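Enquirer: Those sequence lines, one after another, are chains A and B.
Numbering (the working numbering) for the first sequence: -4 to 340.
Numbering (the working numbering) for the second sequence: 37 to 298.
Honestly, the hints are just simulated from the structure, not real lab data.
If you're wondering where the values come from, they're calculated on a predicted model, not measured in any experiment.
From the three backbone atoms N, C-alpha and C, an ideal C-beta is built for every residue, glycine too.
Accuracy of the hints is not assured; some may be wrong.
Among chain B residues calculated to face chain A with C-beta under 8 Å, some are [what the hints assert, rightly or not]: (1) L134; (2) V138; (3) A142; (4) T146; (5) R200; (6) T204; (7) G206; (8) L213; (9) P219.
Here are the simulated distance ranges between beta carbons [stated by the list, open to error]: (10) B:D195 - A:S312: 57 to 63 Å; (11) A:A154 - B:T48: 30 to 36 Å; (12) A:Q0 - B:R115: 27 to 33 Å; (13) B:T48 - A:A120: 43 to 49 Å; (14) A:A154 - B:V133: 53 to 59 Å; (15) B:G189 - A:R201: 39 to 45 Å; (16) A:A120 - B:I60: 54 to 60 Å; (17) B:G193 - A:P207: 29 to 35 Å; (18) A:D199 - B:D195: 50 to 56 Å; (19) A:S127 - B:V286: 35 to 41 Å; (20) A:S127 - B:G193: 55 to 61 Å.
The calculated EDC-like cross-link candidates involving lysine to aspartate or glutamate, where the alpha carbons are at most 20 Å apart (straight line), are [unchecked claim]: (21) B:K215 - A:E68; (22) A:K61 - A:E46; (23) B:K215 - A:E46.
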Amino acid sequence: MVSLQVHVVDSARGVDLEFDVESGETVALVGPNGTGKSTVLAAIAGLLKLEQVRVQVGDRELVGPKTWVAPHERSVALLTQASLLFPHLDVRANVAFGPTCTGANNPGAIADSWLAELGLTELAARRPFELSGGQAQRVALARALAAAPDVVLLDEPMAALDAPSVPQLRKVIGRVLANRTALIVTHDPLDALVLADRTIVIDDGRIIDSGPSRDVLSHPRSPFAAALAGVNLIDGVATGPKTVRDNDQHELLGESAEELVIGAPAMATFSPTAVALHRQKPEGSPRNVRRGTVRGIEQRGGTCRVDVDGVLADVTSAAAAELQIEPGAQIWLSLKATEVSVYSR
Amino acid sequence: MSINQVDLPRWTMIPAVAGLAFVILPLVAMVLRVDWGDFGSLVTSESSLAALSLSLRTASMSTAICVLIGVPMALFLARSSSRLVDVVRPFILLPLVLPPVVGGIALLYTFGRRGLLGQHLEVLGIQIAFSTAAVVIAQTFVALPFLVVSLEGALRGTDPGYSRVAATLGANPSRVLTKVTLPLVWPGLVAGTVLSFARALGEFGATITFAGSLQGVTRTLPPEIYLQRETDPQAAIALSLLLVMVAVVVIAVVRRPGRNPW
């Protein structure tokens, strides 16, 4: 395992980004479209030559003022949102492609073990056009890892998938990225939270925030990060297959790709826009309801972000006025279970 | 169930059917004139066999040369970002629109005894004009653009992401080309090769201008047919039908129906 150091300058697009990824660490790059995230990945992979780039993997300089290592000699694998499986090869040959190129002993055996690792053994003889989007992306992941890369780059790997296949792929990616040096570009705050140790927020070609994913996303310091994330994160333990209890003994019922292990650490996330506020205890049962104290109000355009004992809620300014929300007021929160994602931690 | 085609007005049937008749009728007319009784002896006469054998040998060789130099040309045209490519492209396509006889003249002043290169080759004792080599050169000259154009189109139609991902998996440029890029454009490459072969097989103008018409040396099937037409029309018809059959076989081999290109 090796670290990754990157400094990319593309003055034509106003990009100037410098960051490190520790050995074995996964870092998420988030930011609006067109701010240079994919440029950075292409520069690291060697698919783009820019005026001023420095890329170092461990002790090895890949790109520098006088260095240019060809893409095939970098040991940097790239997984994009299109799986790009070679259509003329079957699944097994696709996965064996990397080991064959690098002259590994018995590429077929390496392919078989990665197919087994990712639960794809039954698909080995299939052609890419016979796979679903989620399956194809898992095969692409196996193919990338079978090349034994020092660094794995993921460019919105789940962006092109239909919603039901996302949680399963996210889980697989999380498993294989553990203890790997990896960089993931994503628009989904959950990817950053679940997959990345650290999140770097980019806007206008500059790093505007960086830190542990939970901190960056729960306390966004930029309008973009707030819009992207600003998610509510609840830490606690699972008390049911889809229920998380936080440290204040509040229970939250949510949706999950798989049943939680009761008693194990778990996490719930939901958007502030999913939280409704009420003066009186709301009627209707399949909702998460609790009472709290307003700790702060922040006006943003036509909406108010209200902090109720640490839970953020976005309501329209009109609704805020009608509810007479002011610091110290007692208020009821409600939240549909379908708006809450719960995860094992 | 069938899809209702909304941009196929009925009147288009008339010109379409007329066009089809225009293509098929001449073939029918020719087949009707074939003297089947003598067909075998006509196509196996000494001069016919010599022409057929020469045609197949030269067309195969020029097709091989087309692939050898045309594939790299198509790769440059499709992949290079150099401005030079835009300047060069019209010249590569020129033989496509040039009358073949003009191509033959141009070749004569390049490889002929007093040509640009020919005069130096002459010193080395190499004579190209009016030899079998000249036939191959003439055929290659006219057939090359067919391969380049179809392959360039196929290359531009493929997602460059495949070759990029292959590089990140550790494949060097030669391996990317042979294991990913070319297999992806295989149908285009085959189509281009067949078109080149067909064009080489039918080549007449440039060949007769640059290579002449010497039996067994430079007289391929098209000049043979042209000459026979004067003296023995039945032989010309029989040989024409032979070329048609070769063309049909070639098309059938390439367009085997129901086959996944991969």
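Enquirer: Taking the hints in turn, state whether each one holds.
Expert: So, going through the hints one by one against the coordinates:
Checking L134 of chain B against chain A by beta carbon gives a least distance of about 36 Å; that is not within 8 Å, so the hint is violated. Using the Cβ-Cβ criterion of 8 Å, the hint placing V138 of chain B at the interface with chain A is not satisfied: the shortest such distance is roughly 41 Å. Nearest Cβ of chain A to the Cβ of A142 of chain B: about 40 Å, over the 8 Å cut. The hint is violated. Taken as an interface hint, T146 of chain B does not check out: its beta carbon lies about 39 Å from the nearest beta carbon of chain A, beyond 8 Å.
A distance limit of 8 Å between C-beta atoms decides the matter here; for R200 of chain B the minimum to chain A is near 5 Å, and the interface restraint holds. About 5 Å separates the beta-carbon of T204 of chain B from the nearest beta-carbon of chain A, less than 8 Å, and the hint is met. With a least beta-carbon distance of about 4 Å to chain A, the hint placing G206 of chain B at the interface is held under the 8 Å criterion. Given the 8 Å rule on beta carbons, the hint for L213 of chain B is violated: about 12 Å separates it from the nearest Cβ of chain A.
With its C-beta approaching chain A no nearer than about 4 Å, P219 of chain B sits inside the 8 Å limit, and its interface hint holds. Roughly 48 Å separates the CB atoms of D195 of chain B and S312 of chain A, a value that falls outside the hinted 57 to 63 Å. The given range of 30 to 36 Å is broken by A154 of chain A and T48 of chain B, whose C-beta atoms sit roughly 43 Å from each other. For Q0 of chain A and R115 of chain B, the Cβ-Cβ distance of about 31 Å falls inside the hinted range of 27 to 33 Å, so the restraint holds.
Between T48 of chain B and A120 of chain A the Cβ separation comes to about 45 Å, which falls inside the hinted range of 43 to 49 Å. A hinted range of 53 to 59 Å is violated for the C-beta pair A154 of chain A and V133 of chain B, which are about 46 Å apart. In this structure the supplied range 39 to 45 Å holds for G189 of chain B paired with R201 of chain A, their Cβ-Cβ distance being about 42 Å. Checking the proposed 54 to 60 Å range against A120 of chain A and I60 of chain B shows it is violated: the Cβ atoms sit about 44 Å from each other.
A C-beta distance of roughly 45 Å is found between G193 of chain B and P207 of chain A, which places it outside the suggested range of 29 to 35 Å. Range check, D199 of chain A to D195 of chain B: about 30 Å between beta-carbon atoms, so the 50 to 56 Å window is missed. Against the hinted window of 35 to 41 Å, the Cβ-Cβ separation of S127 of chain A and V286 of chain B comes to about 39 Å, which satisfies the hint. At roughly 25 Å, the beta-carbon separation of S127 of chain A and G193 of chain B lies outside the given 55 to 61 Å, and the hint is violated.
Taking the CA atoms of K215 of chain B and E68 of chain A, the gap is near 17 Å; set against the 20 Å cutoff, the hint holds. Simply put, K61 of chain A and E46 of chain A have alpha-carbon atoms about 12 Å apart, close enough for the 20 Å limit, and the pair holds. Under the criterion of a C-alpha separation no larger than 20 Å, the hint pairing K215 of chain B with E46 of chain A is inconsistent with the structure, at around 31 Å.
Hints 1, 2, 3, 4, 8, 10, 11, 14, 16, 17, 18, 20, 23 from the earlier list are contradicted by this structure; the remaining hints agree with it.
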